[in-house]
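Q: Residue numbering for the sequence shown follows the working numbering, beginning at 1 and increasing consecutively.
Because the hints were derived from the structure by calculation, they are not lab data. The C-beta atom is built at its ideal place from N, Cα and C for all residues, glycine as well. Wrong hints could be hidden among the right ones.
What the hints assert, rightly or not - Derived CB-CB ranges, DEER-like: (1) F13 / K52: 21 to 29 Å; (2) Q28 / K68: 22 to 30 Å; (3) E64 / T36: 27 to 35 Å; (4) F33 / Y3: 15 to 23 Å; (5) K77 / L7: 45 to 53 Å; (6) N65 / G32: 21 to 29 Å.
What the hints assert, rightly or not - Think about it this way: if two alpha-carbon atoms lie no more than 20 Å apart in a straight line, the pair counts; the simulated PhoX-like pairs of lysine-lysine are: (7) K2 / K74; (8) K74 / K63; (9) K54 / K68; (10) K54 / K2; (11) K68 / K57.
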Amino acid sequence: MKYIILLLTILAFTSIILGFVLDLEYSQKLIGFGVTGLFLVVFPLFSYHRWKDKDPKDYMLTKENLDKMRENEKEKKR
Numbered sequence: 001m002k003y004i005i006l007l008l009t010i011l012a013f014t015s016i017i018l019g020f021v022l023d024l025e026y027s028q029k030l031i032g033f034g035v036t037g038l039f040l041v042v043f044p045l046f047s048y049h050r051w052k053d054k055d056p057k058d059y060m061l062t063k064e065n066l067d068k069m070r071e072n073e074k075e076k077k078r
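Put together the whole structure using the sequences plus the hints.
A: Below, the structure written as structure tokens:
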């Protein structure tokens, strides 16, 4: 999965760079496809890949997590 994401990222950035560098009649389309590919394909794939085995409750500010954070701060100050 990470190789697919890397390949798609390289392709999107290549498309954007070629759109700026080359003087073609469809250069703006190259830039547009590159940006669209980054935000509609690469970013969701990257987010899914990074979060697929994690529990979202660990990152929410619940009362239990706030209490744990306060306890950790007290232990660090000692």
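Q: Evaluate each hint against the coordinates.
A: Against the structure, the hints come out as follows:
1. Remark: the range hint 21 to 29 Å for F13 to K52 is upheld by a beta-carbon distance near 24 Å.
2. About 51 Å separates the C-beta atoms of Q28 and K68, a value inconsistent with the hinted range of 22 to 30 Å.
3. Between E64 and T36 the C-beta distance comes to about 41 Å, which lies outside the given range of 27 to 35 Å.
4. Take F33 and Y3: their Cβ atoms lie about 21 Å apart, and the range 15 to 23 Å holds.
5. Separated by about 47 Å at the C-beta atoms, K77 and L7 satisfy the suggested range of 45 to 53 Å.
6. Distance hint for N65 and G32: a CB-CB separation of about 42 Å, inconsistent with the stated range 21 to 29 Å.
7. A hinted pair counts as satisfied when its Cα atoms are at most 20 Å apart, and K2 with K74 does not qualify at roughly 39 Å.
8. A threshold of 20 Å between alpha carbons decides the hint, and for K74 with K63 the separation of about 17 Å falls inside it, so the pair holds.
9. Taken as a hint, the K54 and K68 pair is honoured in the structure, with Cα atoms around 19 Å apart against an allowance of 20 Å.
10. The straight-line distance between the Cα atoms of K54 and K2 is roughly 17 Å, inside the 20 Å bound, and the hint therefore holds.
11. Using a Cα cut-off of 20 Å, the hinted pair K68 and K57 holds, with the two alpha carbons roughly 13 Å apart.
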